[in-house]
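Colleague: Protein sequences appear in the order of chains A and B. First residue of the first sequence: 2, per this note's numbering; consecutive thereafter. First residue of the second sequence: 2, per this note's numbering; consecutive thereafter.
By construction, these hints were calculated from the structure, which means they are not laboratory data. A hint or two may mislead.
Unchecked claim - Facing chain B, from chain A, some residues (calculated, C-beta under 8 Å):
| no. | residue |
| --- | --- |
| 1 | 47 |
| 2 | 102 |
| 3 | 162 |
Said to hold, decoys possible - Straight-line Cα separation of at most 30 Å, BS3-like style, residue types lysine-lysine; simulated pairs:
| no. | chain 1 | residue 1 | chain 2 | residue 2 |
| --- | --- | --- | --- | --- |
| 4 | B | 30 | A | 220 |
| 5 | B | 212 | A | 223 |
| 6 | A | 20 | B | 148 |
Said to hold, decoys possible - Where chain B lies over chain A, by a calculated footprint (3+ residues, C-beta under 8 Å):
| no. | segment |
| --- | --- |
| 7 | 12–25 |
| 8 | 115–126 |
Idealized CB from N, CA, C, for every residue including glycine.
There are 2 protein chains.
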Amino acid sequence: MFTEIKSTRIYEQVIDQIKEMVVTGKLRKGDKLPSERELTSKLGVSRSSIREAIRVLEVIGIVSCKQGDGNFIRTDFENILFEPLSIMFLLNKSSEREIFELRRVIEVETAGLAAKNITIKQLQEIRLILDDMEKTEDEDLKIKLDKKFHYKIAKASNNFLIVTVLNTISELIDSFIKDARAKILETRKEKNIIETHHEEIYDGLVNRDSKKCSEAMRKHMKMISECFIEE
Amino acid sequence: MFTEIKSTRIYEQVIDQIKEMVVTGKLRKGDKLPSERELTSKLGVSRSSIREAIRVLEVIGIVSCKQGDGNFIRTDFENILFEPLSIMFLLNKSSEREIFELRRVIEVETAGLAAKNITIKQLQEIRLILDDMEKTEDEDLKIKLDKKFHYKIAKASNNFLIVTVLNTISELIDSFIKDARAKILETRKEKNIIETHHEEIYDGLVNRDSKKCSEAMRKHMKMISECFIEE
């Protein structure tokens, strides 16, 4: 199961061995890692190297450390890209434009994929979200539902990777552009435009028309990005 | 500059303080971090917590550790997403389909952005790549040039974030689907199809026609994905 390690970059090799266990199926999602003490003696490295490796896996979002209970392979990875992306943004001083553009680039084609793959149940869920949005006057709730609408479409693409990347971008937009929502609300004067766009996207989904759905999403994103970028 | 830390999740707080220094501009790309000894005394935490934090930043790709010279904030972040994404793929047993689909989703719209933003110099570089591809019979070189073609288009989008994400996906495709190239070569019997597609994309770029360029890329990606997925 383990091989003894003799080298300088020890923590990296510990990570590699843990990865190896994942590749070979010896560790699966939700599994408990051997204790730090056990890993120390099995791998023949210092306890601090083991701890470094585990910390890295924790921050990356692979391992969760439950106090008093040990270290586990996570079962969800939704936030796995957040930490590295957020630090990268800070260091690169990435602009709002770049973050939003990536979202736009992904969402347009994802809408097309969703039109192909969406299930009846997912269509019904999206219909309900749109109905709820129309019923409420509460702006905070509307925004929550709006996010849910986009999230459900990503889910309908049936590609976990796309869902993860889009989620990360949304969170980044929320945390880096703190006034994004206010901006959009300020600029979005003709509220019907949003509703019309959403219905067009929904039509594309219902008719399983990838092209129409992508085009509707493109129009929607263009409108949003005009609120964002040009103000 | 620093605040003393008193808590349980110490290494996380060390990371937060380093991030804070980035946010406030006290640390920039290429800067040397204070020595481990200095950080230990300034932050009032153990040396091993400092080392854990630095290891995490290293693996994430934020810090590079030069033996005997200290720790530096990296100047490039091209590989920043590789480690977390690759482990995530392993754990999720993400399929080739998912990885390739994400690439496809991003490249189609990115081609449209590139048509808008490409510079004369970038157009010339891409022309040269296509000419070189036509001249050579060496399949390995052709593949190298093909990758360069796609990379240059991503660059022309003028969005660093898109370049980074696409690069990561390409590397993942290379390392997880080791026989991808062979597969494509095997299936791509009509070699002219590839060349025709590339020229269509190039036409879209030259004419700064986003729609045409996206459509040409969509067609190209569809062809590639058919080699991939259906074999």
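Colleague: Given residue 47 of chain A as an interface hint, is its Cβ closer than 8 Å to any Cβ of chain B?
Modeller: violated, 10 Å
Colleague: Once the shortest beta carbon distance from residue 162 of chain A to chain B is found, is it less than 8 Å?
Modeller: holds, 5 Å
Colleague: Holds or violated: are the alpha carbons of residue 30 of chain B and residue 220 of chain A at most 30 Å from each other?
Modeller: violated, 37 Å
Colleague: Cut-off 8 Å, C-beta pairs, minimum 3 residues; does the coverage of the segment 12–25 of chain A by chain B stand?
Modeller: holds (count 6)
Colleague: Under 8 Å, Cβ to Cβ, is where residue 102 of chain A needs to be relative to chain B, so tell me if that hint holds or is violated.
Modeller: It holds, given that the least Cβ distance between residue 102 of chain A and chain B is near 5 Å, below 8 Å.
Colleague: Are the Cα atoms of residue 20 of chain A and residue 148 of chain B separated by 30 Å or less?
Modeller: holds, 28 Å
Colleague: Apply the coverage criterion to the segment 115–126 of chain A and chain B: a residue qualifies when its Cβ sits closer than 8 Å to a Cβ of the chain, and three qualifying residues are needed.
Modeller: That given contact is violated, which follows from only 0 residues of the segment 115–126 of chain A lying within Cβ reach (below 8 Å) of chain B.
Colleague: So if I understand the rule, the pair passes when the alpha-carbon distance is 30 Å or less; does residue 212 of chain B with residue 223 of chain A pass?
Modeller: holds, 14 Å
Taken one by one, the earlier hints fail for this structure at numbers 1, 4 and 8, listed in ascending order.
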